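Participant: What follows is the residue order along each chain.
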Amino acid sequence: DGGITQSPKYLFRKEGQNVTLSCEQNLNHDAMYWYRQDPGQGLRLIYYSQIVNDFQKGDIAEGYSVSREKKESFPLTVTSAQKNPTAFYLCASSRPGDYTSKLFFGSGTQLSVL
Amino acid sequence: AQKITQTQPGMFVQEKEAVTLDCTYDTSDQSYGLFWYKQPSSGEMIFLIYQGSYDEQNATEGRYSLNFQKARKSANLVISASQLGDSAMYFCAMREGGSSTLGRLYFGRGTQLTVWP
Chain A
1 DGGITQSPKY
11 LFRKEGQNVT
21 LSCEQNLNHD
31 AMYWYRQDPG
41 QGLRLIYYSQ
51 IVNDFQKGDI
61 AEGYSVSREK
71 KESFPLTVTS
81 AQKNPTAFYL
91 CASSRPGDYT
101 SKLFFGSGTQ
111 LSVL
Chain B
1 AQKITQTQPG
11 MFVQEKEAVT
21 LDCTYDTSDQ
31 SYGLFWYKQP
41 SSGEMIFLIY
51 QGSYDEQNAT
61 EGRYSLNFQK
71 ARKSANLVIS
81 ASQLGDSAMY
91 FCAMREGGSS
101 TLGRLYFGRG
111 TQLTVWP
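Chains as they are written, first to last, in this note's numbering: chain A, 1 to 114; chain B, 1 to 117.
To be clear, the hints were calculated from the coordinates, so they are not data collected in a lab.
Hints may contain errors.
Unchecked claim - Derived CB-CB ranges, DEER-like: (1) A:Gln41 with B:Ser42: 29 to 35 angstroms; (2) A:Asn28 with B:Thr20: 35 to 41 angstroms; (3) B:Gln83 with A:Asn53: 43 to 49 angstroms; (4) B:Ser31 with A:Gly16: 44 to 50 angstroms.
What the hints assert, rightly or not - Here are the simulated DMTMM-like pairs of lysine to aspartate or glutamate, each with C-alpha atoms no more than 20 angstroms apart in a straight line: (5) B:Lys3 with A:Asp59; (6) A:Lys102 with B:Glu44; (7) A:Lys102 with B:Asp29; (8) A:Lys57 with A:Asp30; (9) A:Lys102 with B:Glu61.
The model shown is predicted, which means the values in this text are computed figures rather than measured ones.
C-beta: ideal position from N, C-alpha, C; glycine also.
Starting from the given sequences, assemble the full structure and let the hints guide the process.
Facilitator: Structure below.
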């Protein structure tokens with residue numbers, strides 16, 4: 001079955017450490033997205049990518065980095081510059097630029113700081 | 001300005017009753033899509049229903065219907081015959097047709113629905 005796989009489900013970060021969240025999709029979608037979810041704030045866009053080797057900053061990109069070397073993969077790195085990384089992170093994909101197309105989501109990664 | 005506004009942080013409904021979750025949106029695009037997602041406590045986002053800006057009829061999917069009032073820029077979700085399993089967080093979202101936004105999805109803050117027996 002086609003879908004989006006996020007790993008790990010739970011991740012812990014030590015002070016000053018960079019951590020990488022994995023996102024893989026086999027839906028053949030060109031567009032991929034990373035959202036951050038904090039309690040009571042809904043989903044906020046971190047980064048998005050419409051095609052391989054291209055990505056754009058979302059609303060809260062500071063302290064995060066991404067790469068898009070393959071169509072299927074869009075990993076998110078939470079750097080030590082992100083001072084408040086504890087949150088639930090959701091990866092999504094869709095057909096690009098088509099406002100009628102829904103986003104498909106992964107099951108999320110809960111990141112906590114030790 | 002907020003693109004999507006959900007004014008009900010929490011709603012309660014008795015099993016088998018209908019409930020309406022409010023959503024208003026803000027866009028200057030003529031072409032846009034409105035979506036509702038359900039997020040149970042497990043965290044995954046489940047797509048429920050879609051309404052396009054040019055659709056003349058309200059969308060329906062089983063027990064879910066979307067009350068689309070374009071002039072008022074509202075897209076309320078109606079859940080009929082509520083079930084205990086409907087207890088979850090519900091998000092309203094919008095994608096704009098303009099190329100500047102590159103198809104990103106804007107979300108509201110969500111409404112926590114609790115269904116009681």
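Participant: It remains to establish, for every hint, whether it holds in the given structure.
Facilitator: Structure-based check of all given hints:
1. A:Gln41 with B:Ser42: 29 to 35 angstroms: violated, 19 angstroms
2. A:Asn28 with B:Thr20: 35 to 41 angstroms: At roughly 37 angstroms between Cβ atoms, Thr20 (chain B) and Asn28 (chain A) fall inside 35 to 41 angstroms, so the hint holds.
3. B:Gln83 with A:Asn53: 43 to 49 angstroms: holds, 46 angstroms
4. B:Ser31 with A:Gly16: 44 to 50 angstroms: Because 46 angstroms falls inside the window, the suggested range holds.
5. B:Lys3 with A:Asp59: Given that 20 angstroms is the threshold and the Cα spacing comes to 13 angstroms, the pair holds.
6. A:Lys102 with B:Glu44: holds, 15 angstroms
7. A:Lys102 with B:Asp29: holds, 18 angstroms
8. A:Lys57 with A:Asp30: It holds: about 17 angstroms lies between the C-alpha atoms, which stays within 20 angstroms.
9. A:Lys102 with B:Glu61: Given that 20 angstroms is the threshold and the Cα spacing comes to 15 angstroms, the pair holds.
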